[in-house]
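J.: Chains as they are written, first to last, in the working numbering: chain A, 1 to 464; chain B, 1 to 80.
Note that these hints are calculated values from the structure, not bench results. Treat the hints loosely; a few may be bogus.
[Stated by the list, open to error] So, partial list: chain A residues that the calculated Cβ filter (under 8 angstroms) puts toward chain B:
{"hint": "1", "residue": "Lys23"}
{"hint": "2", "residue": "Phe93"}
{"hint": "3", "residue": "Ile94"}
{"hint": "4", "residue": "Pro98"}
{"hint": "5", "residue": "Ala100"}
{"hint": "6", "residue": "Ile102"}
{"hint": "7", "residue": "Val226"}
{"hint": "8", "residue": "Ile247"}
{"hint": "9", "residue": "Ala288"}
{"hint": "10", "residue": "Thr418"}
{"hint": "11", "residue": "Thr419"}
{"hint": "12", "residue": "Leu424"}
{"hint": "13", "residue": "Ala427"}
{"hint": "14", "residue": "Lys430"}
We treat Cβ as the ideally placed atom computed from N, Cα and C, and that holds for glycine.
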Amino acid sequence: MTPTETKPVDANQPSGWQEFWLKEDWWAVWLGLGIVLLAYVFYLSGSSISWIAVSPAKWSTLSQLGAQLSTTGIRYLALLGAFLILFTVVISFIGQKPKAFIPAFIFVFILSTVIYIAGSWDQANRYNLEPPLVALLLGLFLSNVVGLPRWLDAGFRVEFYIKLGIVLLGATLPFTLIIWAGPVAILQASIVSIVTFLTIFFTARKLGLDHRLAAVLGAGGAVCGVSASIAVAGAVRAKKEHPPIAISLVVFWAIILIIALPLVSRTIHLPTGVGGAWIGTSEFADAAGLAAAQSYGGYAGKGLGISGTADQALASYTLIKVIGRDIWIGIWTFVLALIAVTVWEKSETNSKVQVGQIWWRFPKFVIGFLIASVLTTLIVHGNTLGDYNKLVKPALIAPITSLRTWAFTFSFLSIGLTTRFRELAAAGIKPFIAFTAGVIVNVILGYILSVVVFGHYWSSVVTH
Amino acid sequence: MKILDSIQLRISGPICQQCAHFQNEPAHVEEAYRGLTVFSSGFASVRDQDGFCEYNQLYLSARDSCPHFAPRHTPPKPII
Numbered sequence: 001m002t003p004t005e006t007k008p009v010d011a012n013q014p015s016g017w018q019e020f021w022l023k024e025d026w027w028a029v030w031l032g033l034g035i036v037l038l039a040y041v042f043y044l045s046g047s048s049i050s051w052i053a054v055s056p057a058k059w060s061t062l063s064q065l066g067a068q069l070s071t072t073g074i075r076y077l078a079l080l081g082a083f084l085i086l087f088t089v090v091i092s093f094i095g096q097k098p099k100a101f102i103p104a105f106i107f108v109f110i111l112s113t114v115i116y117i118a119g120s121w122d123q124a125n126r127y128n129l130e131p132p133l134v135a136l137l138l139g140l141f142l143s144n145v146v147g148l149p150r151w152l153d154a155g156f157r158v159e160f161y162i163k164l165g166i167v168l169l170g171a172t173l174p175f176t177l178i179i180w181a182g183p184v185a186i187l188q189a190s191i192v193s194i195v196t197f198l199t200i201f202f203t204a205r206k207l208g209l210d211h212r213l214a215a216v217l218g219a220g221g222a223v224c225g226v227s228a229s230i231a232v233a234g235a236v237r238a239k240k241e242h243p244p245i246a247i248s249l250v251v252f253w254a255i256i257l258i259i260a261l262p263l264v265s266r267t268i269h270l271p272t273g274v275g276g277a278w279i280g281t282s283e284f285a286d287a288a289g290l291a292a293a294q295s296y297g298g299y300a301g302k303g304l305g306i307s308g309t310a311d312q313a314l315a316s317y318t319l320i321k322v323i324g325r326d327i328w329i330g331i332w333t334f335v336l337a338l339i340a341v342t343v344w345e346k347s348e349t350n351s352k353v354q355v356g357q358i359w360w361r362f363p364k365f366v367i368g369f370l371i372a373s374v375l376t377t378l379i380v381h382g383n384t385l386g387d388y389n390k391l392v393k394p395a396l397i398a399p400i401t402s403l404r405t406w407a408f409t410f411s412f413l414s415i416g417l418t419t420r421f422r423e424l425a426a427a428g429i430k431p432f433i434a435f436t437a438g439v440i441v442n443v444i445l446g447y448i449l450s451v452v453v454f455g456h457y458w459s460s461v462v463t464h
Numbered sequence: 001m002k003i004l005d006s007i008q009l010r011i012s013g014p015i016c017q018q019c020a021h022f023q024n025e026p027a028h029v030e031e032a033y034r035g036l037t038v039f040s041s042g043f044a045s046v047r048d049q050d051g052f053c054e055y056n057q058l059y060l061s062a063r064d065s066c067p068h069f070a071p072r073h074t075p076p077k078p079i080i
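Whenever a hint applies, use it, and build me the whole structure from the sequences.
T.: Put into structure tokens, the structure is as follows:
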């Protein structure tokens, strides 16, 4: 056989196993579930992983903080070491360079530690120092004003960190809550997703934009931001220049909404569960929404007139976003791919639509989220509320929550550090109008469903 | 039904993954689409094995195909 001859391969052959170690989603599952199981083993032996899952305690003065760090400093170093080892393994397997990742991650960890500690200051709320927003704004400042070398990007893995955090979040949510609230989350998210998609799609078409660009924009605004846009772009055979237009618009609006949605929710005193549901319905990307939801949850119990708990904001957000929207991306791509080959573009390629893409494009980290929830629900089952609060929570749930907060902080900081506004592609006025029309519909409809229609439901979410 | 004719369960024949015009390395996709990593990733499951077709100037699935298929000089990485 000459070098130019290649045997046709059967794409359905078992080489699909490689996905288990080449995709970030699966690594989030392995690490997340590994941490949960390790925490459980320690818990069963009468111990806890809380030593390494360090988090700063509340502090009032610098001398207090100094005293705290003098005793816990070694634990932060141990945590850095553990994260470095685990993440470097992941980076190596997916084919990136550890040499660039290691110093970049140390940079992310140091900044995250400063942000986490600043957020534990007892006056932080007075100055609006909510860690997610501080992380985002600090990252934006460093990347857009100061400027950072490109090689540092190796450590700014927004998606990987957020997926790991979501799997760990699953371990702190009872599976019964997912069963109880899942159908409402799916109903609410589906209504908003379909209406938003149709708004963007038909506005774009009315403005004369290509079918495929209209679909890529619509998915970005209606399903799960950049991930949905890039998935639909591949499914409908978008022109090469289409995805960057959607990326620019999603980034632009997602960052505005990270700040605007918690601010408006706070102004009108929405309960945390309701605010989280609204953010889950109206934000685009997982990481952006979690930054907004965690910020809003942080306002609870601070004398601002906001009822509920921080966990309720995260729980209702995650139910709407992950269960209500993310898991349907495969269905969206399949349907749009089918429309593309049968209606829009019949001539450019000659292949058919594969049903398998419903699974191929499924965000696999959701599997880890669900398994983690089932595991901890089984572990906790049989404990009284008193035992849960006295034994299970401090030894098992609190350390996992601490590691989850670290993963989220890495992600929120990385959002800012990777957002270089001058590098984003110019979207053009027509795509901007179409996408913005969808944003307006999305935010208003999201508010009506989250607050007016299902408000009583989301305000009563039980997270323990 | 005509629409059902457009659906298939298994792939047969040469596909983009084996084509010289196709490029889908995650790092390459992240480099080409600046801003992708802000809220997504070249290594995400949702992206499957999609990549660039330099002939048609499209972003499409590695499982796609077209009449302009040209075999690679080097063996393709296995599709996952």
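J.: Next step is simple, just say for each hint if it's right about the structure.
T.: Verification of the supplied hints:
Against a cut-off of 8 angstroms between C-beta atoms, the interface hint on lysine 23 of chain A holds, since the closest Cβ of chain B lies about 5 angstroms away. Hint status for phenylalanine 93 of chain A: violated, given a least beta-carbon distance of 10 angstroms to chain B, over 8 angstroms. Given the 8 angstroms rule on beta carbons, the hint for isoleucine 94 of chain A holds: about 5 angstroms separates it from the nearest Cβ of chain B. With its C-beta approaching chain B no nearer than about 14 angstroms, proline 98 of chain A sits outside the 8 angstroms limit, and its interface hint is violated.
At a threshold of 8 angstroms, the smallest CB-CB gap from alanine 100 of chain A to chain B is about 11 angstroms, leaving the interface hint violated. This hint is violated: isoleucine 102 of chain A has a C-beta 17 angstroms from the nearest C-beta of chain B, more than the 8 angstroms allowed. Below 8 angstroms, beta-carbon pairs count as interface contacts, and valine 226 of chain A has one with chain B at about 4 angstroms; its hint therefore holds. Checking isoleucine 247 of chain A against chain B: minimum C-beta separation of about 4 angstroms stays under 8 angstroms; hint holds.
For the restraint placing alanine 288 of chain A at the interface with chain B, the shortest Cβ-Cβ distance is roughly 6 angstroms, inside the 8 angstroms limit, so the hint holds. Taking 8 angstroms as the C-beta cut-off, the interface hint given for threonine 418 of chain A holds, the closest approach to chain B being about 5 angstroms. Because the beta carbon of threonine 419 of chain A sits about 5 angstroms from the nearest beta carbon in chain B, less than 8 angstroms, this interface hint is met. The beta carbon of leucine 424 of chain A is positioned within 8 angstroms of a beta carbon in chain B (closest approach about 5 angstroms), and the interface hint is therefore held.
The beta carbon of alanine 427 of chain A is not positioned within 8 angstroms of any beta carbon in chain B (closest approach about 11 angstroms), and the interface hint is therefore violated. Contact between lysine 430 of chain A and chain B, as hinted, is not supported at the beta carbon level, the nearest pair being about 19 angstroms apart and thus beyond 8 angstroms.
Violated hints for the displayed structure, listed by number in ascending order: 2, 4, 5, 6, 13, 14.
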